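**Student:** Take a look at the letters that make up each chain.
Number of protein chains: 2
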Amino acid sequence: MHYTLVLLPSVPALFSSCSPAATEAMETFEKRKAETLASMTSSSPDKSPKGSIDEPIIPLLNTINSHPSYFTTSSCSGRISVLSHPTTTTSASTAKKKAKGGKWVFITHHKADPDSLLNLLFPPTSEIKPPTLTDPSDLVLRFEPLIIAIECKDVGSATKLVSLAISCGFRESGITSVSNKRVIVAVRCSIRLEVPLGGGGEGILVSPEYVRYLVGIANEKMEANWRRTDGFLSALVSSGFGGDEVEESGGGQPVNGEAGDEDSWIKSEATDSGDQLNLLSNGKVPDENHVGK
Amino acid sequence: MHYTLVLLPSVPALFSSCSPAATEAMETFEKRKAETLASMTSSSPDKSPKGSIDEPIIPLLNTINSHPSYFTTSSCSGRISVLSHPTTTTSASTAKKKAKGGKWVFITHHKADPDSLLNLLFPPTSEIKPPTLTDPSDLVLRFEPLIIAIECKDVGSATKLVSLAISCGFRESGITSVSNKRVIVAVRCSIRLEVPLGGGGEGILVSPEYVRYLVGIANEKMEANWRRTDGFLSALVSSGFGGDEVEESGGGQPVNGEAGDEDSWIKSEATDSGDQLNLLSNGKVPDENHVGK
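These protein sequence lines map, in sequence, to chains D and Z. Numbering of the first sequence is given in UniProt numbering, commencing with residue 1 and proceeding in unit increments. Numbering of the second sequence is given in UniProt numbering, commencing with residue 1 and proceeding in unit increments.
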């Protein structure tokens, strides 16, 4: 499937029935959108150190940007990473560790190669450590799913998008900002891993076997994240995004990205079994069991 | 500091300048609020298996509920848990594991006692396993921070609350639903742990030493979560919540819950160093480094 970026000119005539203030706000929206899309199609690198948009997410971004009420301001398609926090021991008797920034020693937006990570964490010759791991550092392995920030023309447009995203499994989506000028939506969900590995004064506290197991789970989560992303894209298309005639109402049938999903991690997240602190559509936190202490 | 729950009667006269539809919506808000607060103060257990509100969160809930534009619909003060997913091997050659529900084998809303968890995961006499761990199960240790769902009188009230929550470090907050009747805000942040421990066919894949290390980190995160919660409560009070005269504008100076915080985990989350996939206030995902594969 191929999507073409559509640059939308400022069309104040469309808003002639609005108040001057509203018209001005919308003109500004159109202007910001045109500028943002122009920078996306520019051949020069963007402001991130990576310098470009994650390739797997481009069809989704183009589809969102094809709708006159929305444009994407930033995104990540999902990633597996190991972050290193250099640690130093303070002179206090409590010997508390203090972070002084952090850096990635491993990052991929694709599935991770377990051997690459194992070679990094457990180098074959222990005397030759990779430069990134020469200092004692607390290491954390993470999986983080898709996240997109989207500016919306108004609160109504934002509400429709949040509702669609939540129905596709991006249940931590929400309107994060509303001002006279800008309405911002974040699309996100809770498919995550956050695993401290040790690595400071005490050395790495997990085994190579365990790291291989973790990478397997991280890769399953990446696949689940991609399936959910595909489901969101399908739901947007069903709602009229990306077509020649955009359906302003944003209706249509949301597609459940997890239908028929055999992945146990996703099952556990997509159901309302109460094992995640997600909110249900009625604004309730799922019931809690109170088993232990 | 003591807060008293204030039951607010339906006061349609206050909204006499509104349209009939808006008045009706607000009357419904007042009615729902009165019913919800009445159920909170009832001596009978609530609908959750735990049956009651987490004690540490009660001052915060009372403060939010003291404002005429808001009421809390559900909450969790933060928790450390181990979830068990029973696993069975399918007949397929891929031997994929399939989740059939899950249950908590450990949960606390306070700091966790490492010895309790160690005794559960590594019972002193290996022949006597606790009933919860007799079947092969994938175990996941989690820390999940404060989450509150709040119904707001209108989008303007919701926006102010989201803005205040984000300024206090609850950067994953947002308006999750807007309809004619109900506007729902979720207050949440990304202080988390999600650590698979093994426990299925392959047995537990981590050492007791590592579990003790994890519990230490989970307890640090619980403390950080409480500090952030306290900061949010202070910011609400500074904005006029909880006082005799509620300031409808919701202004005031937000308190940064992490000021002077020496906790390395929180430093890493509260700064914009790009190690978390949070959105900045300008709607941008923090810059990404592209280090590895």
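If you're looking for bench data, these hints aren't it; they were derived computationally from the structure. Since we're looking at a predicted model, the values are computed, not measured. Any given hint could be a false lead.
Identical chains blur together in the list; that is why a pair holds if it fits in one copy or across any two.
To be verified - Pairs of lysine-lysine residues, derived as DSSO-like cross-links and limited to a Cα-Cα distance of at most 27 Å, are as follows:
| hint | residue 1 | residue 2 |
| --- | --- | --- |
| 1 | K103 | K153 |
| 2 | K111 | K153 |
| 3 | K181 | K31 |
| 4 | K181 | K103 |
| 5 | K153 | K31 |
| 6 | K31 | K103 |
| 7 | K181 | K160 |
| 8 | K111 | K181 |
| 9 | K153 | K181 |
| 10 | K103 | K160 |
| 11 | K111 | K160 |
| 12 | K31 | K111 |
**Student:** Decide, hint by hint, whether the structure agrees.
**Tutor:** Status of the hints after comparison with the structure:
For a Cα distance limit of 27 Å, the shortest separation of K103 from K153 qualifies neither inside one copy, at 36 Å, nor across copies, at 43 Å. Neither within a single protomer nor between protomers do K111 and K153 lie at most 27 Å apart by alpha-carbon distance, with minima of 35 Å and 44 Å respectively. In this assembly of identical chains, the alpha carbons of K181 and K31 lie at most 27 Å apart only when taken from the same copy (12 Å versus 33 Å across copies). Neither within a single protomer nor between protomers do K181 and K103 lie at most 27 Å apart by alpha-carbon distance, with minima of 35 Å and 46 Å respectively.
Proximity of K153 to K31 under the C-alpha cut-off of 27 Å is restricted to the intra-copy arrangement: shortest distance 12 Å within a copy versus 32 Å between copies. Taking the shortest alpha-carbon separations for K31 and K103, neither the intra-copy value of 36 Å nor the inter-copy value of 51 Å comes in at or below 27 Å. Taking the shortest alpha-carbon separations for K181 and K160, both the intra-copy value of 19 Å and the inter-copy value of 15 Å come in at or below 27 Å. For the homomeric pair K111 and K181, neither the shortest alpha-carbon distance inside one copy (39 Å) nor that between copies (43 Å) is at most 27 Å.
Both within a single protomer and between protomers do K153 and K181 lie at most 27 Å apart by alpha-carbon distance, with minima of 9 Å and 22 Å respectively. Proximity of K103 and K160 under a CA criterion of 27 Å is satisfied in neither setting, with 37 Å inside one chain copy and 34 Å between copies. In this assembly of identical chains, K111 and K160 lie within 27 Å of each other by CA distance neither inside one copy nor across copies; the values are 32 Å within and 40 Å between. Taking the shortest Cα distances, K31 and K111 never come within 27 Å of each other, neither inside one copy (37 Å) nor across copies (51 Å).
The structure shown violates the earlier hints numbered 1, 2, 4, 6, 8, 10, 11 and 12.
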